[in-house]
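Asker: In the order they appear, the protein sequences are chains Y and R.
Sequential numbering from 4 applies to the first sequence in the numbering used here.
Sequential numbering from 5 applies to the second sequence in the numbering used here.
Derived by calculation from the structure, the hints in this document are not laboratory data.
Note that the structure is predicted; figures quoted are calculated from it, not measured.
Yeah, the Cβ is synthetic: ideal placement off N, Cα and C, and Gly gets one too.
Please note that a few of the clues may not be correct.
What the hints assert, rightly or not - Computed footprint of chain R on chain Y; a stretch qualifies when at least three of its residues, placed anywhere within it, have a C-beta under 8 Å from a C-beta of chain R: (1) 16 to 22; (2) 155 to 164; (3) 263 to 276; (4) 283 to 292.
As the list claims (entries may be wrong) - Per label pair, the in silico range of CB-to-CB distance: (5) T189(R) / K93(Y): 52 to 60 Å; (6) Y67(Y) / R23(R): 57 to 65 Å; (7) L74(Y) / G61(R): 56 to 64 Å.
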Amino acid sequence: MLAYIIKRLLLMVPILIGITVLSFGIMRLAPGGPAEAQMEFSAKASAEARERLRKLYGADQPFYKQYATWLHKFVTLDFGTAFADGRKVKDKILERLPITLAINLLSLGLVLLIAIPIGVLSATRQYSLLDRFTTIFVFIGFSTPSFWLALLLIYLFGVQWGILPVSGIQSLDTTGLTLWGRLSDWGVHLVLPIFVSAFGGLAGFSRYVRNNMLEVMRQDYIRTARAKGLPESVVIYKHALRNALMPVITILGLSLPGIIGGSVIMEQVFGIPGMGQLMFQSVMSRDYNLVMGILVPAAFLTMLGNFLADIGYAFADPRVRMK
Amino acid sequence: MSKTESFTAQMLYYLMKNRLAVIGGTLVALVFILSIFAPLIAPYNPSTIDIKNVLVGPGFSHWLGTDDLGRDVLSRMLWGGRISLEVGFVAVGIATIIGIILGALAGFYGGWIDSMIMRAVDIMLSIPTIFLILAVIAILEPSIINIMIIIGLTSWMEPARLIRAEFITLKEREFVIAAHAIGATDSRIIMKHVLPNGLSPILVSATMGVGGAILIESGLSFLGLGVQPPTPSWGSLLSAGKDNIEIAWWLSAFPGFAILITVLGYNLLGEGIRDALDPRQRE
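Put together the whole structure using the sequences plus the hints.
Answerer: Take a look at the structure:
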């Protein structure tokens with residue numbers, strides 16, 4: 004087991020290097036670096052000043068040197084400063100992370116809360132009315148452009164009925180509010196974003212739970228559990244569901260890049276000042292340090308998620324270890 | 005069902021028995037036909053500006069209303085469907101071809117070739133696709149062809165994995181070993197013996213991929229990086245409609261619905277093909 008873990012850890016190194024080289028390469032090789040972006044605002048800047056800026060950002064160095072410098076700083080957790088406002092990348096990320104994290108954790112909670120019972124019910128009652136209904140819902144959920152759903156809800160709840168705010172995470176003026184008032188102000192602002200984020204995930208997740216349940220219910224140990232006279236509820240919730248949820252954990256690990264992508268669009272629709280918005284702005288303005296500061300930790304977390312899921316599998320299934 | 009029927013005929017038979025797959029296939033065919041014949045069906049010229057009829061709601065003269073320049077929404081959607089489908093098909097084509105080549109090499113040769121390719125897959129799966137797409141589109145300018153290429157370049161991983169898995173099992177089969185024994189070259193074995201037998205899982209991923217690519221294009225358009233106006237794609241129509249969401253809901257609602265219906269069609273069809281290929285699903 005230990006050998007397997009070490010082997011997997013070693014495999015992460017080339018992947019991580021690949022991730023950083025690829026993303027660093029795309030950002031650096033792009034025409035129009037931050038020096039050029041800053042110059043656009045001051046047409047009078049001389050070629051000399053431009054060169055000074057390029058030197059300041061290290062853009063005059065060859066690619067491998069720029070990469071080495073960046074990597075050296077990065078491994079010491081020095082993410083550098085953002086070009087746009089000169090503030091520390093770490094600070095910028097830390098002030099935005101809680102918002103995105105809160106929205107996604109709440110929507111994930113909502114998804115699990117609804118999707119697991121739905122998945123179990125439609126698996127245990129395969130081809131029932133409920134199963135058919137959820138199957139259709141699942142496909143619609145998969146196929147709905149999330150920002151379109153967001154726009155429709157903004158139109159209905161915000162414009163037509165005027166009962167929910169449609170943009171930002173708090174009201175313009177919250178000075179007179181009590182703590183409770185402030186919390187509920189956040190609450191009403193986050194209802195639509197959380198619901199829309201959960202909508203697509205709900206479909207996918209309940210489908211996974213259903214399919215895994217169906218797979219597990221065919222296994223011999225379920226027949227054994229039934230044969231020895233256990234009540235059906237124990238068979239389903241204790242024996243089947245536990246095993247069915249195992250692969251679902253992998254899906255959680257793998258869904259991180261998707262969540263980031265979803266956040267970019269979602270935060271754009273609802274005007275939420277979170278990580279997605281920060282990432283979008285930083286890519287568009289070629290703010291290298293900022294982009295890499297968001298991207299690499301995110302990719303690392305994704306890899307870590309995969310790693311933990313694989314370890315979990317290896318722990319449960321000796322055949323995986325042997326390969 | 006007799007055993008002598010061809011593989012395709014068998015698959016079609018099981019597909020036709022699956023009601024959701026039939027619905028999906030119908031949606032796919034319907035959207036395809038409407039897009040092909042858009043120049044004949046569209047009631048108006050999609051780019052004719054009509055200042056007298058700006059932001060007219062859905063009604064008899066304009067079934068789905070008009071936009072802020074008085075252009076007919078239905079006509080623009082019919083033409084936009086051509087672009088959206090084109091993006092979907094070409095992007096999936098690129099992804100599938102790359103996936104088949106890399107997956108076949110990895111699965112057939114194994115060893116360090118396999119390791120290299122699978123690490124590349126891991127790298128691509130760890131980076132949020134949206135970053136790669138945003139970064140490249142921001143560099144290359146968002147033309148239709150660039151969008152198709154970049155969506156294709158960021159979605160080859162699933163087909164590669166599927167083909168690799170097929171190759172790993174197929175290369176041990178007798179007919180492949182026999183082909184080796186009579187001295188067939190590697191490329192001949194890959195192309196003539198293994199690949200034709202390993203293509204069916206790709207059919208599922210490609211079918212669903214078309215829907216996925218259409219969704220990605222619409223997301224990019226929403227961020228202002230998709231197909232650029234005045235060319236209509238469903239994504240660009242939807243994204244143009246969002247600015248007028250307060251006064252003209254139909255500008256956003258209908259293009260989004262077209263995306264939903266189309267993607268739904270491809271997903272249902274893909275799932276149906278998956279079931280039809282899976283012997284366990286056949287009673």
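Asker: Take the hints in turn and mark each one as holding or not.
Answerer: Hint check:
Given a C-beta distance limit of less than 8 Å, the hint that chain R covers the stretch 16 to 22 of chain Y holds, as 4 residues qualify and 3 suffice. A count of 4 residues in the stretch 155 to 164 of chain Y with a Cβ less than 8 Å from any Cβ of chain R is obtained; the coverage claim is therefore met, three being the minimum. A stretch counts as covered by a chain when three or more of its residues have a beta carbon under 8 Å from one of that chain; for the stretch 263 to 276 of chain Y and chain R the count is 6, and the coverage holds. With 4 residues carrying a beta carbon less than 8 Å from a beta carbon of chain R, the stretch 283 to 292 of chain Y meets the three-residue requirement, and the given coverage holds.
As the Cβ distance of T189(R) to K93(Y) is approximately 56 Å, the hint placing it in 52 to 60 Å holds. The hinted range of 57 to 65 Å is satisfied by Y67(Y) and R23(R), whose Cβ atoms lie roughly 58 Å apart. Between L74(Y) and G61(R) the beta carbons are some 58 Å apart, a value that agrees with the proposed interval 56 to 64 Å.
The structure agrees with every numbered hint stated previously.
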